[in-house]
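**Q** Quick one: dock chain against chain with the hints and give me the complex.
Take a look at the letters that make up each chain.
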Amino acid sequence: AQSVTQLGSHVSVSEGALVLLRCNYSSSVPPYLFWYVQYPNQGLQLLLKYTTGATLVKGINGFEAEFKKSETSFHLTKPSAHMSDAAEYFCAVSDQGSGNTGKLIFGQGTTLQVKP
Amino acid sequence: DAGVIQSPRHEVTEMGQEVTLRCKPISGHDYLFWYRQTMMRGLELLIYFNNNVPIDDSGMPEDRFSAKMPNASFSTLKIQPSEPRDSAVYFCASSRRAGHNEQFFGPGTRLTVL
Numbered sequence: 001a002q003s004v005t006q007l008g009s010h011v012s013v014s015e016g017a018l019v020l021l022r023c024n025y026s027s028s029v030p031p032y033l034f035w036y037v038q039y040p041n042q043g044l045q046l047l048l049k050y051t052t053g054a055t056l057v058k059g060i061n062g063f064e065a066e067f068k069k070s071e072t073s074f075h076l077t078k079p080s081a082h083m084s085d086a087a088e089y090f091c092a093v094s095d096q097g098s099g100n101t102g103k104l105i106f107g108q109g110t111t112l113q114v115k116p
Numbered sequence: 001d002a003g004v005i006q007s008p009r010h011e012v013t014e015m016g017q018e019v020t021l022r023c024k025p026i027s028g029h030d031y032l033f034w035y036r037q038t039m040m041r042g043l044e045l046l047i048y049f050n051n052n053v054p055i056d057d058s059g060m061p062e063d064r065f066s067a068k069m070p071n072a073s074f075s076t077l078k079i080q081p082s083e084p085r086d087s088a089v090y091f092c093a094s095s096r097r098a099g100h101n102e103q104f105f106g107p108g109t110r111l112t113v114l
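Chains as they are written, first to last, in the working numbering: chain A, 1 to 116; chain B, 1 to 114.
Just chain B, with the same shape it has in the complex (with noise of 0.2 Å):
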């Protein structure tokens, strides 16, 4: 297995640009995951889906980021305008509910807002 796969690997822009970033899951995996890290806030939960549902997004930041996962082998997270404060490092991960939860990571998308 490929494991999880997430694009772009560094993303730079500029203030206000539209950023999003891409996901896809171990397959077979019913749970997706997007965290955020960065160095003053360690990693933080932002957003999970069960089957493709969202479940909680009480970790998004604010309305400028949305998720969405349209099928069980993609999803997306998009910030719209994209500011300063979002550089970070961005995290996807997927894990089987029959798993205990165990998390699989991708290898992140490294955003640099100017």
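Bound-form chain A, shown alone (with noise of 0.2 Å):
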């Protein structure tokens, strides 16, 4: 069965540093993965996703995200944080393990905070 795991569940970075926010996956099957940012009080939003080609995808926000395949990861990074980028993001993976249920498997997520 597919899992998410982020690691850590707060991530603090000073305004203008690099934002890096971790996500492994466990796959059968080829995996479709996807970042979503939840801002205070509102529903979440797609930041980006990866399905096929090209391992590295870029997202809205200048957030960009790798696939690794080698590692199971897709960690997701900003060379510079900005005060808005302050939010909760979570990573998922399609549950096509065993057929395609059509489900999304989210990670427990992880809070960034942004200081000035």
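To be clear, the hints were calculated from the coordinates, so they are not data collected in a lab.
For glycine and all other residues, C-beta sits at the position ideal for the given N, C-alpha and C.
Heads up, some of the hints might be wrong.
Unchecked claim - Simulated DEER-style distance windows between Cβ atoms:
hint, chain 1, residue 1, chain 2, residue 2, range
1, A, Val29, B, Asp57, 22 to 30 Å
2, B, Asp57, A, Thr5, 22 to 30 Å
3, A, Gln108, B, Ser66, 23 to 31 Å
4, B, Pro8, A, Pro116, 15 to 23 Å
**A** Structure below.
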């Protein structure tokens, strides 16, 4: 069965510093991978996704993620944090292990704090 | 497209009352999901539908919760009777199977049970 692990429930960075949010997945088939962002008092919105092709995926607001099959990872990065990046971030994998159930399997979420 | 629409956005009710949350998915989407989010338990999948049919309701906490999808453009999540521990933000999301299961979330309903 598919699973997702996000390392670190809280990450704190200074404004202008590198953002690195870690995500490892388990999948018995080539995965479809997603990062969602949730700003305070809002729903989840898609930040970026990997389906096939180029392993470095660019998303909105300057974020990108790299699919590394050998490491079963899909870490999210941004070179320079902005105060507006403070939010909760969720990694997810499409549940396709034994037939496509149609679901996404979400990680526990990582809260990003950006300090001035 | 208007996106996933949920109503009401906020609901305050007293313990024991019936609560109905509503969702309109994006037109053409095959799947509809109901999630609950709390500080303690995070994001939980309650139930989901495929082509209006419930597929998996194993996340529904107890018999007080029920969900229906009478047609492709409308779903309800009902809690009867409500309890304070049901206080949470409830999200509806929809997706197309052909879209790699990418889900589109509504803005959520913040439920407070007093």
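**Q** Is 22 to 30 Å a correct range for the gap between the Cβ atoms of Asp57(B) and Thr5(A)?
**A** Check passed, 26 Å falls within 22 to 30 Å.
**Q** Take a look at whether the Cβ-Cβ distance between Gln108(A) and Ser66(B) falls inside 23 to 31 Å.
**A** holds, 27 Å
**Q** Could you say whether the range 22 to 30 Å given as a hint is met by the Cβ separation of Val29(A) and Asp57(B)?
**A** holds, 25 Å
**Q** Is 15 to 23 Å right for how far apart the beta carbons of Pro8(B) and Pro116(A) are?
**A** violated, 36 Å
This entry does not satisfy hint 4, going by the numbered hints stated previously; all others are met.
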